[in-house]
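Peer 1: For reference, the chains in residue letters:
2 protein chains.
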Amino acid sequence: MEKVVIESVAMNGGVGDYSYANNSSLQRSGFEAAKSLIHEAIMEKLDIKHLCNGKSFRITDLGCSAGPNTFIAVESIVEAIEQKHHSEGLKLPLPEFHVYFNDQLSNDFNTLFNLLPLERRYFAAGVPGSFHTRLFPEKSIDLVCSLSALQWLSEVPEDVVNIGRIHYSNAPSEVMEAYKGQFSKDMERFFDARAKEVVHGGLMVLSFPCIRDGQPYSRFLVGVFFSLLGSALMDMVKMGKVDQTKVDSFNMPFYAASPKEVEALVERNGHFTIERMETQDSPILQGKGVIQVYSKHNRACSEGLIRQHFGHDDEIIDELFDLFTNKLSESFSILEESSMNFVFVLLKRKQD
Amino acid sequence: MEKVVIESVAMNGGVGDYSYANNSSLQRSGFEAAKSLIHEAIMEKLDIKHLCNGKSFRITDLGCSAGPNTFIAVESIVEAIEQKHHSEGLKLPLPEFHVYFNDQLSNDFNTLFNLLPLERRYFAAGVPGSFHTRLFPEKSIDLVCSLSALQWLSEVPEDVVNIGRIHYSNAPSEVMEAYKGQFSKDMERFFDARAKEVVHGGLMVLSFPCIRDGQPYSRFLVGVFFSLLGSALMDMVKMGKVDQTKVDSFNMPFYAASPKEVEALVERNGHFTIERMETQDSPILQGKGVIQVYSKHNRACSEGLIRQHFGHDDEIIDELFDLFTNKLSESFSILEESSMNFVFVLLKRKQD
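Protein chains in written order, with this note's numbering: chain A, 6 to 357; chain B, 6 to 357.
Chain A on its own, in the form it takes in the complex (with noise of 0.2 angstroms):
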């Protein structure tokens, strides 16, 4: 079989009908039930003293993509870090924020410079790149947040052989592995490159979908989704409109761990304490209406992958989405049966 290296692409760009900052609901849910432990986080382990020491205070959203829902996160941290200080009473003002949206290359950051809140009280900076790399000078950042964004793999392993499906959900154990074996490769990546940048003291607050222990892929939304999204594809490959190799050489590199596995990760890599962990449950959206939601949610984060893979053809790509969409509503008793969880991880960078 052709080797193909599918990387992982910025979510769609600009604000028309399926852009990223049009559809990412289902992302915003996952914030909404954390948002409530950042605070927590924040008002219970950040040592305010040592870190707002005089200097500004230094925030990261990796994977922010193109807006809006970074911009609430970003927000709220702000406004608990403000929070934490007036609690303290502290006689330091408070800090200068310093805040780095940090996504792909291939992110619309015009997008996301033009969404930015012209009342906001922090000075912005885009940061463009992986962040499975190196992004900042050592010690240079207070508060990383990431979220919804670490489940996307840096790229799906060379060797997935996985004929006629686009994921490891509906797939034989051997695609699973794999699949676990880059996420753990990334993730390693991933915490040594923010161990270098983060101040010691520093805090991580990550969250991202992940699977409980035991729940069949069958159940999990996003495995659902991709499930139908391959099977459209297949049905394209019977209309004879897409290459079934062309299949067979695209998986998406989305990968949804267990909490158990991030734990050993964190703990694998050594660079810093686990200060909390939970895995919350989003709710899943209920009524005939939520198959449009569904669907523009999906091409919103699928398409560049799908065009990087299949092409530029607008038909193509229309066709296949509307597939999908009719799959999507004749599985609509499974959706409303299936669950999406978040694991939620607050780390802290240890002494060296």
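Heads up, the list lumps identical chains together, so a pair's fine if it works in one copy or across two of them.
Under the rule of at most 30 angstroms between Cα atoms (straight-line distance), these lysine-lysine pairs were calculated in the DSS-like manner:
#1 Lys355 with Lys96
#2 Lys40 with Lys89
#3 Lys40 with Lys265
These are computed hints drawn from the structure, not numbers from a lab.
Keep in mind the model is a prediction, meaning the values are calculated, not measured.
With chain A held as given, fit chain B onto it using these hints.
Peer 2: What follows is chain B alone, placed relative to chain A:
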């Protein structure tokens, strides 16, 4: 007359035929003239022990546009600092460099990021916003550079009445006085913002078009450009394609100060010492081929402003620049006799 505010707009984005990225060789010639002075400035005036005390070294290019000149500038600054570090035989390791590329919100940051050199010795970030306002936290910048950018005013003063012209270069003296007043206000805001952001002992390297004392605007290259562009717009008025009131209310927010004016503004502000100041002549391109270079250069720099004021009719824009190109040809001998000067200023942040 209709009240219209002409605010600065970013250079053309993308990498197309009329993009700034592909039509910035004139600015590059200004930078090439400044390059050896920047190198000397760093070798002679950078207090490397004080600034590189175990932290990263933070550089910003203000008004960087969409590339590629900014990368050449930054690379040569980093190289000079490395050389200075080496020449002093410091025991401290070489700092990591954090480079902030700044331009207006309307700048094409996507293109800028995609043109970033893959092999670079610094961490990169993009910072959207006017350099006439605060962009960074207090005391967070070690070296500012701004090349061919400060000549752009934040806006044309509202009370400028300039019938049938688009610049002060061929206008009555009260028009020029209004521009001069705006430049003075803008520079005060620029110096005040930088005074907060630059660390004590930090450097600012500024280079921008200037006019030598007594030099007539009729032979200042950019003045000639704007006279011809205004004349092309008036031709379109006569052809009934553009409204005269639109031309009357349009002015290019571009001001060429004299070195004496710049000196007085730095001194009035009081936060920086002038470590070096020079006026440099940029070589005027020769030969008929220059007409296309000049035409595209002007289009890359002013198309955004023109569209903002006159509307986004591609035909009008194309026709305007065809007329302008013809006028450049007709005035070829004047262009050959004109000159283009840059003022180079090296400033150091005083102790308060």
